[in-house]
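Each chain, letter by letter, is given below.
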Amino acid sequence: MLKPRFNDIPRRRLLTPRSIKGRALFAAVFVLFFIYALSLLAPFLFLFVNSLKTPTEYLADSIDGNIFNFPQGWRFSNWVEVFSEMKIIDSKGDYVYFPTMLLNSLWYSMVLTLGGLLASSLTAYCLAKYKFKLRGFLYGIAIVTMTIPIIGSTGAMFKLTYDIGIYNTPLYPILTSLGGFGFNFLVLYGFFKNISWNYAEAVFVDGGGHFTAFFKIMLPQIFPALLTLGIIAFIGAWNDYTTPLLFLPDYPTIASGIYNVQVHLKRTGDYPQYFAALGISIIPIIILFATFSDSLMKNLSVGGLKG
Amino acid sequence: MEAVKGLKLKTETKKNKRKEVLFLFAMLAVPVANWLVFWLYVNFSSIVLAFQDARTGAFTLNNFVTFWDNLTMPGGEIGIAVRNTFLYFATSLFIIMPISLFISYFLYKKIFMYKIFRVIFYLPAIISGVALVAVYSNFINPSGPLSYIFKLFGKVIPPEGLLARPETATNTIIGYCIWTGFSGYILLFSGGMSRIPEEVLESAKLDGCGSIRELIQVILPMMWPTVSTQIILLFLGLFSASGPILLFTNGNAETTTISFWIFKQVYGDALNSYNIVSATGLVFTIIGVPIILFVRWLMDKVAVVEY
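Residue numbers (the working numbering), protein chains in the order written: chain S, 1 to 307; chain Y, 308 to 614.
Incorrect hints may have been included.
[To be verified] Distance ranges between label pairs, derived from CB positions: (1) S:D90 to Y:V372: 30 to 40 Å; (2) S:A42 to Y:L459: 13 to 23 Å; (3) Y:W375 to S:I89: 32 to 42 Å; (4) S:F137 to Y:E384: 34 to 44 Å; (5) Y:V463 to S:E81: 29 to 39 Å; (6) Y:P473 to S:I143: 40 to 50 Å; (7) Y:M420 to S:D90: 40 to 50 Å.
Hints listed in this document are in silico derivations from the structure and should not be mistaken for laboratory results.
Owing to the predicted nature of the structure, the values given are computational and were not obtained by experimental measurement.
Glycine residues also receive a C-beta, built at the ideal position from the N, C-alpha and C atoms.
Kindly produce the complete structure, drawing on both the sequences and the hints.
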């Protein structure tokens, strides 16, 4: 469609600098970017200042339209009290407190991340590096699974988890996380394809087996890809509130737990504490992102679907 | 001597072959079992549920009749859900994706402060929806910051709020989706752009090519695989398009979408609503398959620039 031919470019035009019109465009876009960036940073300021107010102070400011007003008292105690006071009631009538929600979030996100990465590494490696009878069939499964836009199987899934007794137990995330044919599979498949088989041959010559080759030599080589996919999966699981609401009602994670708190917020009215809880829920993700943002941005763009 | 060596080699390969089969079995058993249970069985049982009576389990087409009645009835929930789902889908395709392309372009062109913008623009992808929705809801309060912008245009936010009225509720949530929707696309598009050889752009720019022309006529064709993949993925989620309805309105004020309607049927409802969920899902899946095949075919028709 487009075949640039360098020889056709007139020599004199090579020296034309960016036009005034072009500069005006960049300036205008810069202003828009700046406003948009401010709007994305505003939520942090909002959560911070309003989490330090008293409930009545927040309501008054909210009605007056002063939601960015600094608090009169800077009640940092709100952030501490979240841990001892914020709670929801589970199906057995017991209280689940905020620290438990944090813990639930941690193991829930870890299980989903590690299970998903493990399963997709297994399938991706076998399909990328071995020739066997079912290979084509399994690759077909991966493609079909990702191509059919299935909707509405949630009911059947719900029924199944109920029937086999994993509904509302930690077994639910453990067993369902072990899917090896999704997006992660495609990315890892590409990575494994690009690693030379000679590494494995060297292991075999030294008397090592297939497992040694996989776990000791091949898997460490795709560590950057695993790290990137892992961070994305972890953030997704940490922020997911619908799955825990549906399948793990008695193991509220921080996301589904805070959602439940919010449902009753109009009655209790302790908005500042709610904002403090939201602030606390964001902190681990921000730390994770700040630590790995460089590799995240670089690896994801390189290892994207295709192209 | 030769024969003995050959025999030894043969048993050796046989033994190796067996080891390989064992290895593959051990590696693939769990992911394949996961797929058989949580994909194949779930979807199969969903199809069965669609044709079963909720109480007796007998074969029936009534679920589809109920679905059709609800779809065509004025004010019917499924009809509203379908309309809203298309609104969310169209917003992604015609607003969010093109704007993301523009944003990515100016970041790629190293607009002033582009490094900071890149990090800030990625925030919506990592911050929990529960937190963002909580802040956004405060922004659009009748007395919140949005009311000042409304005043500039001589308008007033109704006292009950934008989310309480069917005329404004869905558009308000769509506004949220646009505000937070660019992150993922920006990352992927930036990756696609960064792979374009620099000399091509150099020549285009020196050829007096303006920014917009450069983006549409040079960059877009060269990163078409990245864009077309995203378009295909978008169509794959056509009938699942939605906003965080649960967090905003819980489906009130005519804001429901297909995926939220399904969620609500399963979440906190009696067992007998699964059948209608399965029937509805089956209909949309069957409509979705030819659409996705057509879109894939169409995307492949667009000539790709080789470089």
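How the hints compare with the structure:
Taking 30 to 40 Å as the suggested C-beta distance range, the pair S:D90 and Y:V372 conforms, at roughly 39 Å. For the hinted restraint 13 to 23 Å between S:A42 and Y:L459, the CB-CB distance of approximately 18 Å keeps it satisfied. The supplied range of 32 to 42 Å is met by Y:W375 and S:I89, whose beta-carbon atoms lie about 40 Å from each other. Between S:F137 and Y:E384 the CB atoms are about 41 Å apart, so this pair conforms to the stated range of 34 to 44 Å.
Checked against the hint of 29 to 39 Å, the pair Y:V463 and S:E81 passes, with Cβ atoms roughly 38 Å apart. The hint said 40 to 50 Å for the Cβ distance between Y:P473 and S:I143, and at roughly 41 Å that hint holds. About 47 Å separates the C-beta atoms of Y:M420 and S:D90, a value consistent with the hinted range of 40 to 50 Å.
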